[in-house]
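Produce the entire structure from the sequences given, and follow the hints as far as they go.
Under this note's numbering, the first residue of the sequence shown is numbered 11, with each subsequent residue one higher.
Since the hints were made in silico from the structure, they are not lab data.
Predicted model, so just to flag it, every value in this text is computed and none were measured.
Careful: at least some of the hints might be erroneous.
To be verified - Here are the computed lysine-lysine pairs in the BS3-like style, where the Cα-Cα straight-line distance is at most 30 Å:
#, residue 1, residue 2
1, K274, K381
2, K381, K343
3, K396, K381
4, K396, K284
5, K186, K131
6, K343, K274
7, K131, K396
8, K396, K186
9, K396, K343
10, K274, K284
11, K274, K396
12, K381, K284
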Amino acid sequence: MTIAAAHDLTDSALSALVCIIGSGAAGTTLACELDGRGYEVLLLEAGGLRTDGRLTDYYRGEADAPHPDPSQFRRIGFGGTTALWGGRCVPLDPLDFERRDYLSGSGWPIGYDELARYYPKAMEYCDAGRFDFTLQGSLARPSPTISGFAGSEMVLADRIERYSLPTDFGARYRRKLHDSRNVRVVLQARCLRLLKPRGEDRIAAAQIVDRTGRRRRVAADVFVLATGGIEVPRLLLLSDEEGTGLGNRYDLLGRHYMCHFENKLGRLVPRGAKVAFDFERTTDGVYCRRQLRFTAAALAEHRLLNTAFRLHFPSYSDATHGSGVMSAIYLGKSLLLPEYRAIMQQDPYSPPSPNAAHVRNVLRGLPQVVKFAGDWLFRIQLARRKLPYTLVPNGDGSFPLELNSEQAPRAANRITLGSDTDSHGLRRVRIAWSLSEEEISSARRALFLLRDGINRSAAAALEYDEERLDERLRSSAPLGGHHIGSARMASSELSGVVDRNCMVFGLPNLFLASSAVFPTSGHANPTLTIVALAVRLGAHLRAALEEAPSQAGARVRSSDRPLETT
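Structure, rendered in structure tokens:
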């Protein structure tokens, strides 16, 4: 149909059978899945074709430290936050879908196999290659991650993470949606609230505001809220006249909010072993990196949250790394995006060295700096498939160890509405987030389990400062872009906000396509699973709508049945 700004469209053009709110990874994927069908679809985007920093104010709010301001790691524009995305793709594990007796709130109402069938297509959308995350299935001649250590009955040393281009969904799928016969992209159409007639169990319209400030209604039979894990609960809370929130009969909306948490804990010291540290190319041409993980049996036996470890680079700010490249990046940090500039400086255990020490590193390592400049230009800036980021080994031959852990779904971690309002009069969010002793204990035990597995071999030693370990663990930071679990999927509204097919309980024409629906987070970056769930939702909506689009409101009521379409 077309891509047009809301203020250029007539009121009659702002109606369709399906309205998708949000054009990020989930919304764009779903729109593509509904392309070519016999009914009209609207995809609403608050921004324009490109990210507009002036709109960041929409997302500002309050958050408990160390959680970043809600505006961080989020972008407004066609494609949403995929314009900022680093491209890391990792699926959830089968264990993540199971009920774990030591983890309250665990267990999805769908099994791993019900989602895994959609992961291959999600990989295609993300440009991340095959759905294979093993060394043997991905690399032509894989060497051990640590020579002399092939893993153990507890530790997996043969897993990888894959990287997208990174794919900006707005740029990647703009032509496809522009040429669609049934999908219209409506830009500069910020959704202010969903409108539910009093006494009815359906959404009748979405209220939007266009660039001129005019407030308008978008009518549809089916609505899909495809915003992120922060904006989903915000809009549902704002949309209820009684103030309790849509789908919030049991006060679960906004609760169980999760971010993965990360830290650098100790270091791996090779004992003459070769270590696979750098990015590698898979046989299908995708960048990948190694991970150190645990078997499902080990996680269950030791009652661990799902955890992954990566070999990391030293702190940029500490010039003792001896790298001219890292010092050059540190000195040029003002050119980086604010989110990445903050990451570079957030380690309290590696205080910044004087700039003079970094200048000395640059001068001593000038040939490497020049080579890096060429790599940065041709492999990061100009290449279609970009090198994800810079990996420079530590000067002393050791490798800092990075932990990335699942967070438990706790009701006290939640998103609510604050008292301050934005330029459209919408209440801003307030985020309560903290780490629990359960999470700190799990991270500690995971480190010990990995240490025992590695140190039993002669290949390497895992070392850490035992006296400061607990202090270090308590300083773990949330991954600012991973907003998960604030409108969780469940078997009934007594324990969640949406059903197994992402329909909001009590509102059969309202669906969520977002990381907000994850009951648990695993350790995996959420984007790949967000896209897989959007593909799955597309299959469900097609099955519900195509036989009799005029009866869409009645047909989607059957969405509590298990999804059996392909």
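Now for the hints, and whether the structure bears them out:
1. Of the pairs offered as hints, the one joining K274 and K381 holds, with about 28 Å between alpha carbons and a cut-off of 30 Å not exceeded.
2. Proximity of K381 to K343 is assessed by CA-CA distance (about 19 Å); at most 30 Å being required, the pair is judged to hold.
3. Proximity of K396 to K381 is assessed by CA-CA distance (about 16 Å); at most 30 Å being required, the pair is judged to hold.
4. This hinted pair checks out: K396 and K284 have alpha carbons roughly 26 Å apart, not beyond 30 Å.
5. Between the alpha carbons of K186 and K131 the distance comes to roughly 16 Å, so the proposed pair stays at or under 30 Å and holds.
6. Annotation: proposed proximity of K343 to K274 holds, straight-line Cα distance about 21 Å (limit 30 Å).
7. Distance hint between K131 and K396 is fulfilled; the C-alpha atoms sit about 21 Å from each other, no more than 30 Å.
8. Distance check on the hinted pair: K396 and K186 sit about 23 Å apart at the alpha-carbon level, within 30 Å; holds.
9. The hinted pair formed by K396 and K343 meets the criterion: a straight-line CA distance of about 20 Å does not exceed 30 Å.
10. At most 30 Å may separate the alpha-carbon atoms for a hinted pair to count; K274 and K284 meet this at roughly 21 Å.
11. Between the alpha carbons of K274 and K396 the distance comes to roughly 25 Å, so the proposed pair stays at or under 30 Å and holds.
12. A C-alpha spacing of about 24 Å is found between K381 and K284, which places the hinted pair at or below 30 Å, so the restraint holds.
In this structure, none of the earlier numbered hints is contradicted; all agree with it.
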